[in-house]
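There are 2 protein chains.
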Amino acid sequence: MNSVHGELITIGDELLSGRVVNSNAAHIARHLILAGFELRWATVVGDREEDITAALIRAMQRAAFVLATGGLGPTEDDRTSAAVASTLGRALRRDPQSWDILDMHLKKANATMTPGVAKMADLPEGAQRIDFSRPRAGYAILDLERPLFFLPGIPEEMADMLRDFVLPTLRDRFPGQKVIHSRVLRIFGLRESEIGARLSDFHQLYPDLRVGYLPHFPENRLTLTVQASGREVADTILNQAALTVGQRLGELHIYGEGEDTLEGVVGRLLLEKDETLALAESCTGGLIAHLITNLAGSSAYFDRGMVTYSDAAKVTHLHVPAETIEQYGSVSAEAAEAMVRGLRKETDAGLALAITGIAGPGGGTMEKPVGTVFLALLHRRGLRVERFQFRGTRLEIKTVAAYTALDWIRRAMIDDSFFS
Amino acid sequence: MNSVHGELITIGDELLSGRVVNSNAAHIARHLILAGFELRWATVVGDREEDITAALIRAMQRAAFVLATGGLGPTEDDRTSAAVASTLGRALRRDPQSWDILDMHLKKANATMTPGVAKMADLPEGAQRIDFSRPRAGYAILDLERPLFFLPGIPEEMADMLRDFVLPTLRDRFPGQKVIHSRVLRIFGLRESEIGARLSDFHQLYPDLRVGYLPHFPENRLTLTVQASGREVADTILNQAALTVGQRLGELHIYGEGEDTLEGVVGRLLLEKDETLALAESCTGGLIAHLITNLAGSSAYFDRGMVTYSDAAKVTHLHVPAETIEQYGSVSAEAAEAMVRGLRKETDAGLALAITGIAGPGGGTMEKPVGTVFLALLHRRGLRVERFQFRGTRLEIKTVAAYTALDWIRRAMIDDSFFS
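Residue numbers (my numbering), protein chains in the order written: chain W, -16 to 403; chain V, -16 to 403.
Only chain W is shown next, with the shape it has when bound in the complex:
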C-alpha cells in the first residue's frame, strides 16, 4: 500500500519479562499508518547494550526510518544512547541545552544533579534534541540517509513527540505520501455487535472506505478511513459516510468525534447553555465528579458533588428520609429521587443528578442484583428517574454507570424530549 517502510524498536527489560504490555507499539503503529507510513518490522529488546546495537544495525539496513522508544532515563539500565553512539561510531557529547533544561528543572524542584540525570544530557554527536521546553529525553539523528528517532518510553511523552516532531519530520523527509484520512466517531450506548449489524451493508455503500471498530470500554469508537491524494476528496466521502452512520445508529448515540471525550462534550454544553451541575454519587464513588473536574475550567459549571456512601450521609447531607431508605432501600428509584430533590435544596445548580446502585461484587440480591443502578436527573424542565442493569467488575460497573450519567446530562441539554 505504501513504499515507505519503517521499523520500531522498543527497548526495556520490562517488555521482555511481561511486566508491561507493549502498548506504545500499538499507538505508534496506528499513528504512522494514519500519516501514510507503514511499520513493517517491530523488534523488542531488553536493556543489554549489545542487543540494542544489534537491533539498530539490522533496522538501519532494512528500514527507511527507525523509531526507538525507551532506555533514555537516568538509571543504570538506561543504555540506549550508549548503544546508538557505538552503532554509529559517534561519541557521546554533553548537549548544553539538554543540560540547562535538566539543571533548571532540578533547581526548581530543589534537587541536585546526579550522575544519572547528567547522563540524560549526553547525546550522540549530531543528535537533535526534540523537546526544548521540558526535561523530557528524546532526540533525532537526521544527518543520515535514514532518519533515526529515539523517544522516551513514558507513553505521554512518547505520544507528544510522535505527534509534534516525528510525524511532521517524516512528512518532510518523504513527501507525497498518499495520506490516509480518517474520522473517528465516538459512540455511547450501543454494543459493538449492534453497531456491526446496523452497518452490515456499509462496505457496499462505501467500497473505498474502511470501517474499523474499536471497543474502548465503556464506549465504542468507529474509525472511517479513506486513502486519497487530497483532503477535499477525502472529506467529501468521510462526511457522507458519517451522515449515514448517524442515520443508522441514531444521531444521539454519537456523542462526539476524534479526541472528544464524553465529559468534555458535557462541559462544553454546560458552558454553552450557561448551566451548572451538582452531583450526589453513591455507587460511582466520586468518579463522575472526577471525570467532570478533569477538564480545565470545569469550576465554571461544576458546583459540588457529594459522595454519600453511607446511609447516614444520605440522610444528613441530602435530606433523604430515613423511612425512604428503610422502606425501599438506599438502592431504589425512591432513594434516587429523594437524593436528587435533597441535593437541589442545598444548591442553586440548574442540573442536579443523583446515582445509587450496587457496584459489587457483594451486596446483590435476587431483586436487585449486582449492577442495578438508579439514576435521577432534576432540572427546571422536569425530573427523570430510571433503573439500569449493568454487568462487569466493580470498576466496570462504576465506569459504565458514570458514563451513563454523563450521557444523561448531555442528552438532557440537546434533546427536547428528554424529560417527557
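Derived by calculation from the structure, the hints in this document are not laboratory data. You may find that some hints are simply not true.
Stated by the list, open to error - Pulled from the structure, derived: some chain V residues nowhere near chain W, Cβ distances all over 10 Å: (1) Val(-13); (2) Met43; (3) Leu71; (4) Ala94; (5) Thr95; (6) Gly99; (7) Phe115; (8) Thr152; (9) Pro190; (10) Gly233; (11) His236; (12) Glu240; (13) His302; (14) Arg367.
Said to hold, decoys possible - In silico DSS-like pairs for lysine-lysine, Cα to Cα no more than 25 Å straight-line: (15) Lys91/W with Lys351/V; (16) Lys90/W with Lys351/V; (17) Lys328/V with Lys256/V; (18) Lys328/W with Lys256/W; (19) Lys328/W with Lys328/V.
All C-beta atoms, glycine included, are put in the ideal place defined by N, C-alpha and C.
The hints should help you fit chain V onto chain W, whose structure is shown.
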C-alpha cells in the same frame, strides 16, 4: 543472567497496524521467566511470507529456542507454515491426524471442508501436532538442535499450549534451569532519579541481583530479580535486598509489594485499625473518593466524601467561614484546616481529610502557582496541615495530590510521629 535465551516471533498485520495490542507477548514472557527461561529477543512481523522467513532465520541463528504465534489459520493471510517449510527446506505434508480432527469438527458443525481449513492440516515435514483433542492449530519441530514452536495467535489457545506443551518440553530439553524469582517493591514519594542515586552501589552489594526501575506515575516500582536453584535461597537474597532498599529509601517510602495498590493498603489499614474515613476534596475533584471506592468492601470504612468545588459549597457543607476564604483564599492552609474541622463536625468518621489546591492550567499566581496544594488530616491524635508544590498537567496534579493524600492516611496509621 540465564544461559537459555529464547526468541519470540509474533506474526500478524494487526500487530503492526496497532489494531491489536500485543498482549500475547507479555503473557509468554511472564510464563517463560517463571519457568526459568529468558526471552531475550522479541520480533513482530506482518503476514508477508518473506518477513516471516527472515525473522525465523535470524531467530534460529541466535536463540536456543524459538516460539512463534499467529498465522496458522484458514485464511489467505495465514502464511506461517509456508514460511516454516521454506526456511527449513522441508515440504508441507498433509498430516492425517490433523485432517481427521478438522474433518470431524466440521462434520459435527454440519460444515464442509474448505481449501482454507484443509491448509491447516498441511504441516512442515517432521512437525508434531500439539493438541490432539481439538481442532486447534499449533505444532512443534523438535528434531532440530533448537526446538521450534508454532502456536495459534488466539490468546486462550496459545496460553493452553504454552502451559501444557511448550514449558514441559523446554524443561525436558534444558533440564536443571535455575528458576527466576522476583519481588516488586512499590514506592511513593521518591523520584526515579532519587531512588537510582540512593541505590547506585546496589549492584556491588548484590552482584547476583538485577534491579529494574519501573516508573508508573505517580509511583515507582522497583523489581528485584534473582536466579536461584531453589525458592529458599532466592527468598533469602530477596529479603535481604528488600531490607537494604528499605534502609536506603526509608521504610515509609515503600508502601507495598507485588500487586498491592496504595488505596488497597490504605483500605487494609483502615479495616485493621477499625477506622472510618471522610473526605473533603476540592482540587482532586472526587478522585480520592473514586480510588477508595474502587475496592470491594470499602463501604466498611469509607463514610462520605464532599467535592466542594465552589466556595459556596465549602461554606454550606463544611462551615468554612466566608472570612477565611476572603482573607486567605480558598487555596490556603487556613481554608484546608477550616474544611477538615467543618467536615469533622458533620460526621463520626475517625479520620477526616481535606484537600484544596490549584490543578491548573489556569488559576495560578506568583504566590500560589499551579500545583500548589494544601492537605489537612484530622484525627483524635492530632491535626496536620501542609503545603505541597506539584508539577504536571491538570490530571497529573490531581493524581499526585490524590496519591499524596492516600499516603498521608497510610502514614498516619503506621507512623506514631505523624501528627507530632
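Each hint tested on the structure:
1. Val(-13): Given that every Cβ of chain W is farther than 10 Å from that of Val(-13)/V, nearest at about 14 Å, it holds.
2. Met43: It holds; Met43/V is separated from chain W by about 15 Å at its closest Cβ, greater than 10 Å.
3. Leu71: At roughly 22 Å from the nearest Cβ of chain W, Leu71/V sits farther out than 10 Å, so the non-interface label holds.
4. Ala94: holds, 22 Å
5. Thr95: The assertion about Thr95/V holds, with a minimum of 25 Å to chain W.
6. Gly99: holds, 21 Å
7. Phe115: The assertion about Phe115/V holds, with a minimum of 28 Å to chain W.
8. Thr152: The assertion about Thr152/V holds, with a minimum of 20 Å to chain W.
9. Pro190: With a cut-off of 10 Å, Pro190/V remains clear of chain W, as the shortest Cβ separation is near 13 Å.
10. Gly233: holds, 16 Å
11. His236: holds, 16 Å
12. Glu240: Non-interface label on Glu240/V holds, nearest chain W Cβ at 14 Å vs cutoff 10 Å.
13. His302: Label holds. Min Cβ-Cβ 13 Å, cutoff 10 Å.
14. Arg367: holds, 21 Å
15. Lys91/W with Lys351/V: holds, 15 Å
16. Lys90/W with Lys351/V: Roughly 18 Å between the alpha carbons, so the hint for Lys90/W and Lys351/V holds.
17. Lys328/V with Lys256/V: Holds, at about 22 Å.
18. Lys328/W with Lys256/W: holds, 22 Å
19. Lys328/W with Lys328/V: Holds, because 21 Å separates the two Cα atoms, which is no more than 25 Å.
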